[in-house]
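Undergrad: Sequence:
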Amino acid sequence: MRRTLAVAAMGALVLAGSALAANASSTSAPGHGEPEPNRSVYEIALIGDMPYGDVGRTQFPRVIDEINADRGISFTVFDGDIKNGSERCDQPMYDLAVKNFGLFRQPLVYVPGDNEWTDCDRANNGSYDPNERLALVRTMFAATPRSFGRRQLTLQRQSPAYPENVRWQYGAVTYLGLNIPGSDNNAPQFDTSGKQIDGDQAEYTARNAANLDWLDKGFAAAKAARSKAVVVTLQADMWTEPTAHFADTKKKLAQLAIGFPGQVLLVNGDSHFLTIDKPLTDAKNQVIENVTRVQTFGSDQNHWVSAEIDPRDPEVFTFHQHIVAANQPSYVSP
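Per numbering that gives the first Met the number 0: the sequence shown ends with 333, consecutive numbering throughout.
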């Protein structure tokens with residue numbers, strides 16, 4: 000079911016058209032026709048935080064089926080969390096994600112979430128070493144320069160150390176994916192006595208520096224390509240506490256967006272309800288108006304959102320929510 004958004008979930012500001020452009024470039028899927036440069040319209044699907052638990056594993060295939068049935072979708076971006084935060088980080092969870100991603104008719108690009116690595120040290124997750132789980136994620140999800148899906152995109156990976164950070168060009172839009180998860184970006188967390196109870200300072204510091212560098216390089220590539228827009232996908236909801244260790248990312252995004260002549264779309268998951276808003280501000284707390292955020296459905300809301308991209312539109316993006324009818328609960332009147 001497609002509906003052009005008229006109101007944003009949870010009181011967020013909705014924009015019925017908000018930035019991005021397109022024509023499929025040499026990085027498009029093999030056999031995928033290339034739209035006419037800077038004129039053709041295409042659409043992308045945005046999902047994440049699924050499947051969560053047994054209900055999610057029943058409902059997620061319906062999301063896949065709907066996306067596959069929509070012939071206007073050029074590719075899907077998954078913004079992290081292949082399971083919920085209370086399930087064990089055992090091998091079958093990762094195997095299932097690879098299987099599910101392979102079912103997509105068009106390409107799917109994956110960005111890591113906290114539930115598949117940073118949170119795996121929880122006892123109910125199996126008390127795994129998060130760095131070991133991240134190494135597994137890199138091996139299983141980022142070992143080749145190709146996306147998932149029956150058709151595939153060619154991706155540029157940042158480095159052997161951070162292969163999960165990706166970039167690709169699709170027409171007049173530059174796309175970036177970064178490993179910036181919830182749980183405060185895997186930075187150290189402390190209890191009231193000052194004892195560290197979570198996180199990893201060395202891991203966070205090195206990856207944070209790599210992420211900031213990847214943002215710089217991505218926007219430089221977008222300017223070189225004369226892109227109409229940049230799409231940045233990461234997992235964390237950087238405006239839900241704790242937020243201290245997302246400050247560098249938000250500052251960098253603000254600096255780069257202010258210096259970019261086109262539109263910027265930030266895609267994140269983590270909070271599990273659909274939001275479309277403009278949360279990024281400058282040093283004077285002024286809204287940076289060329290930046291739009293889409294926070295995707297997730298958890299017990301197994302639906303999807305899409306962005307229609309028209310390079311002739313100054314705002315470039317128009318957003319649509321897709322409510323999977325079979326995944327709706329039975330409502331009880333208040």
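Incorrect hints may have been included.
[What the hints assert, rightly or not] Cut-off 20 Å, straight-line C-alpha distance, at most; resulting in silico cross-link-like pairs (EDC-like, lysine to aspartate or glutamate):
1. Lys194 <-> Glu307
2. Lys283 <-> Glu307
3. Lys250 <-> Asp299
4. Lys249 <-> Asp299
5. Lys251 <-> Asp299
6. Lys250 <-> Asp212
7. Lys251 <-> Glu288
8. Lys250 <-> Asp197
9. Lys277 <-> Glu307
For the record, the hints were derived by calculation from the structure and aren't laboratory data.
Undergrad: Looking back at the hints listed earlier, which ones does the structure fail to meet?
TA: Of the numbered hints, 1, 2, 3, 4, 5, 8 do not hold.
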